[in-house]
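Trainee: Based on the sequences and whatever the hints tell you, model everything.
Number of protein chains: 2
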Amino acid sequence: MRTATRQMKLSAYLVGTGMHVASWRLPQALPGASIDIDYYKKLARTAEKGKFDIAFLADSLAINEVSHPNILNRYEPITLIAAMAGATERIGIVATASTSYIEPFNLARLLMSVDHISKGRAGWNIVTTRDLSGNTARNFGAEEHLEHGFRYRRATEFLEVVLGLWDSWEDDAFIYDKESGVFFDRSKLHRLQHKGEFFSVEGPLNIARSPQGRPVLVQAGVSDSGQELSSRVGEVIFSIKYDFDDAKAYYDAFKNKVAAAGRNPEQVYILQGISPIIGSTDEEAREKRNQLESLIPEETGIGFLSDYFHGFADLSGFSLDDRAKDAGLDRLPMTKTDYLKHQPIISRINPTLREVYSLLTGSFSGDHLVGTPEKIADTLEHWFRHRAADGFMLMAPSLPDGLEDFVDHVVPILQKRGLFRTEYEGTTLREHLGLPFPVNRYV
Amino acid sequence: MRTATRQMKLSAYLVGTGMHVASWRLPQALPGASIDIDYYKKLARTAEKGKFDIAFLADSLAINEVSHPNILNRYEPITLIAAMAGATERIGIVATASTSYIEPFNLARLLMSVDHISKGRAGWNIVTTRDLSGNTARNFGAEEHLEHGFRYRRATEFLEVVLGLWDSWEDDAFIYDKESGVFFDRSKLHRLQHKGEFFSVEGPLNIARSPQGRPVLVQAGVSDSGQELSSRVGEVIFSIKYDFDDAKAYYDAFKNKVAAAGRNPEQVYILQGISPIIGSTDEEAREKRNQLESLIPEETGIGFLSDYFHGFADLSGFSLDDRAKDAGLDRLPMTKTDYLKHQPIISRINPTLREVYSLLTGSFSGDHLVGTPEKIADTLEHWFRHRAADGFMLMAPSLPDGLEDFVDHVVPILQKRGLFRTEYEGTTLREHLGLPFPVNRYV
Chain A
1 MRTATRQMKL SAYLVGTGMH VASWRLPQAL PGASIDIDYY KKLARTAEKG
51 KFDIAFLADS LAINEVSHPN ILNRYEPITL IAAMAGATER IGIVATASTS
101 YIEPFNLARL LMSVDHISKG RAGWNIVTTR DLSGNTARNF GAEEHLEHGF
151 RYRRATEFLE VVLGLWDSWE DDAFIYDKES GVFFDRSKLH RLQHKGEFFS
201 VEGPLNIARS PQGRPVLVQA GVSDSGQELS SRVGEVIFSI KYDFDDAKAY
251 YDAFKNKVAA AGRNPEQVYI LQGISPIIGS TDEEAREKRN QLESLIPEET
301 GIGFLSDYFH GFADLSGFSL DDRAKDAGLD RLPMTKTDYL KHQPIISRIN
351 PTLREVYSLL TGSFSGDHLV GTPEKIADTL EHWFRHRAAD GFMLMAPSLP
401 DGLEDFVDHV VPILQKRGLF RTEYEGTTLR EHLGLPFPVN RYV
Chain B
1 MRTATRQMKL SAYLVGTGMH VASWRLPQAL PGASIDIDYY KKLARTAEKG
51 KFDIAFLADS LAINEVSHPN ILNRYEPITL IAAMAGATER IGIVATASTS
101 YIEPFNLARL LMSVDHISKG RAGWNIVTTR DLSGNTARNF GAEEHLEHGF
151 RYRRATEFLE VVLGLWDSWE DDAFIYDKES GVFFDRSKLH RLQHKGEFFS
201 VEGPLNIARS PQGRPVLVQA GVSDSGQELS SRVGEVIFSI KYDFDDAKAY
251 YDAFKNKVAA AGRNPEQVYI LQGISPIIGS TDEEAREKRN QLESLIPEET
301 GIGFLSDYFH GFADLSGFSL DDRAKDAGLD RLPMTKTDYL KHQPIISRIN
351 PTLREVYSLL TGSFSGDHLV GTPEKIADTL EHWFRHRAAD GFMLMAPSLP
401 DGLEDFVDHV VPILQKRGLF RTEYEGTTLR EHLGLPFPVN RYV
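Chains A and B, in that order, give the protein sequences.
If you count the first sequence from 1, position 218 lands on 218 in UniProt numbering, and the numbers rise without skipping.
If you count the second sequence from 1, position 302 lands on 302 in UniProt numbering, and the numbers rise without skipping.
Hint data in this document are derived by calculation from the structure and do not stem from the laboratory.
Just to be clear, a hint being listed does not mean it is correct.
The list treats identical chains as one, so a pair stands whether inside a single copy or across any two.
[Stated by the list, open to error] With a Cα cut of at most 16 Å, we get these calculated EDC-like pairs of lysine to aspartate or glutamate:
1) LYS188 x GLU283
2) LYS325 x GLU298
3) LYS416 x ASP378
4) LYS188 x GLU65
5) LYS375 x GLU284
Just so you know, these numbers come straight off a predicted model, no measurement behind them.
Mentor: Structure, rendered in C-alpha cells:
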C-alpha cells in the first residue's frame, strides 16, 4: 500500500478567515466564516482535493475582548469534525481538546465516537491549555490558572485513562450470533479499574475501537514537559519554527527523544507550521502581505502590544510601523512561553511592531514563504529533504484563498517532484500517515 | 406560518436495531446497527420523510454485561446529531446529555455548537443519570451513585449556568465593519459571573446564539424533583404511560404544574412514548410481537429478572412464559423508579415474565398499539384529541422497519385526518414546534 520513498505530510489549519488577525477585513473575506458550517465543509473538501493528510481544528476554552476575531464565536471542534466527516471521504480530521477541564471518560467517548463517525479518520490534538490570565480557569470553577507542572501530570494520567478506555473492547468481541442469542464474548470486554492521583475510572467504555483502532494522537510539545509527554505518546508533532536552523535543531533533538523513549522515530511525524503567501510573482506576494499587515488598526495593534508587554516595555509614542528593536522588544526578561518562542526571530529580523503583533496573534510569513508557488515549494522541499520537517501545517494567513492557492499551485509542484501523494492510498488517517494499527493491550 | 388547528408532535427514538432487547436477533436486523453511521443517517432521513419534528437519541454513561445490546457499543449522541445534521435538512435532532458528570461550560458549548451546525435544529434532552448500581459514578471518580436530591439541585444550577452562557452574545453583537475595523460591539458581550453551590463560571461563552436562539429543552420528568424542574424549564416532555387514563392524569397534572410555574401550558408539549407493532392485519401484528418476544433467550431473561428482583421475588423454577402474578411481581415493596413506573401495568394485565423483561428493558407494546395502521392511528388520535398527549415518541420495538412502517402507513392517515403536518413550515426546531424565539436576557 505505501509508496517506498519518504512522503511529505500536509495538514490544513482551518480557522475562519485565516490566521492573520486582520484577515476578516480583506475585501473578499467572509467575516462570519468562523461560524459558517458550509464554509468549513468547503474548506475541508478543498484540503481533500489537495490530498492533505489532515484538516486541523485548534481550540481554546475562554475568550475576552482582545481575542483573535476568528475565535470569538466558533464551533466546538469535536462536533465540527463530526460534521466535516460527512462532507468528506478520505481526509483525516483532527480536533484539539484540552485534558485540563473535562473528565477522561467523556473525552475518550467523544473522540472515539467521531473516529467511528468518520470511519477511522479522526485525530486528537492534545493540549493542556495555557491560561496565564486565568480566564479559562474561571470558566471552570477555579480561581487561578492551573500551574504548568500540575497540568502535565494531569495530562499524563489523563492519557493513560483514555488509552485504557479505548481498549475496553477487543476487536473481535462482538459475535452477533443470532441463532444462539450471544451478542458479544464476555471474555473480550475489559474494565480498566484505573486508580491514580487525579482519576479513578472503572470502565468499560461504551464504545468499541474504530476502523483505525483509535484516533491519531497529535501534540504541540513546546515546553519541556510538553516534549516529554509528546515524545512518549505523540504520533504527529506540531511545531512552529521561523527558520531552517531552528527547525532542524528541534527536529533532531525531538527525534532523539522519541528514540530514547523506545519508539521508532520514523513513525512520529514533525509538522512545521507555515503561513505562506502565494503570488504569481514574488512582488505580488509581498504586496499581499503588505495589504494584510496594513489592515491592522493602529489603535488595536498598539493597545494589544501595550497590554502584552506591560511592565516590560513602554510603547507610548510608538506606531505600528516602528521597529521592534527601537521599542526594546528584542531582549526583554519576559518568561511568557510565546514571547520566548518568538524572541529569536524578533531579535534576528527586527520586524515592525505590526509584524510583532501578527506574530503574537498567530501569523507570520517570513520572506522564504512569501513568493511564487515554485519558491514556496523550494523552501518546503529543502526543509523536508534535509529533515527539518516531515511535513507542514498550513496556517494560511487568509482563507479560503490561502488554502485554495496552495492546493492549486503548490501541491502540483510537490507532486511532480515526487514529494507528495497524487492519490490517497488508504481510507483511515493511520493509513495516510503510514502508522501501524495499534494492537489492543488485552490481546 | 403556523396552521391554526392543534397539530400532533412526533419524535423518533433512534437506537440500533430497536427498543426491544431481542430485536437484533430478527432475521432482517443489522446487529451492528448501533455503531453504523450510514444506518443512522438513513433512519434520520426516514423520520424526515415522515415530517417528524424530532429524531431523538438517548444516552447512558456506563454499561455492564447485562446492558441492552443496542447500548453496549454506540455513538456519543452529541457527535452523532452533529453528523446527522449534515444528512438531513429540516428535522429537529435531540441529544441526551447528563448534568451530573460534565462541566456546564463544556456542555453549553457542545450543544450550542451542534445547534449552529444544524442551523437551529438541535435540542437537549436533560437527564441527571439514574445510577443505582454506581456503575456510572465509578467511571467518574465517585465511589457511589449520586443521591437523587443532590443530582436535581446540581441540575437546577447547571441549567442556570448553561442558559446564562447561551446569552453571552446579543443577537446583533457582531458588526463586521471592515472599514472601521470593528468586529463586534463590546457592549453586547456579557460575562455571566455565576457563583453558586456547585459552579463558579465567569463566561463569556465562545459561541453566539443560534438561528433558533438556543437548543430546545427536552425532559423526562418522572420523579417529583424531575417534574419540578421540567415544569419550570422543559419545552418538550417525554413520558411513558401504558394506558389512556394514566396518560390523561399525568397530562393534566403536569400542565397544571407548568401553569403554576407561570408558563404557558400550550407551549410545553407532552410526548407519550409508544412502541407500536404494525401489521396489515391485527393478527399479523400480534404474530410480529410474538416473534420478537420469543427471541428472548430463556436464560438471559430469567437471569435478568432474578437480578432485578433479587431479595424481593424468587424466580427459580419459573420460565419466561409464566405470568407475573404467579411469581408475585405485581405488588412488591420495591422502590426502584422503573419498577414503580411499571407496577400498575404489571398488576393490571398480568403479563408473562417475557413481557415483564421487555417492559423493564424499554419496549412494551400494549394491545391498543398492536394492529393495523388504522387501529394505531385511532389510538393516537384518541389520546391526542382528549389531551392525554400533545404527540408521541415513537420507540419502535424493531428498526428500521418499525419506523418505516409508521412513516409509510400511519403518518399518511394522521395527515389525512388533519392531525399532522404534510410539509415542514419552518426551518428550525422551534419553528416546527411553534415555540417562540427566546429573547436574550440582556436585551
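Trainee: If a hint holds in the structure, say so; if it doesn't, say that too.
Mentor: Hints and how they fare:
1. LYS188 x GLU283: neither (63 Å within a copy, 42 Å between copies)
2. LYS325 x GLU298: Classified as neither: same-chain Cα gap 19 Å, cross-chain 82 Å, threshold 16 Å.
3. LYS416 x ASP378: within (12 Å within a copy, 69 Å between copies)
4. LYS188 x GLU65: between (51 Å within a copy, 11 Å between copies)
5. LYS375 x GLU284: Within one copy only: 13 Å inside a chain, 74 Å across chains, cut-off 16 Å.
Checked against the numbered hints given earlier, the structure breaks hints 1, 2 and satisfies all the rest.
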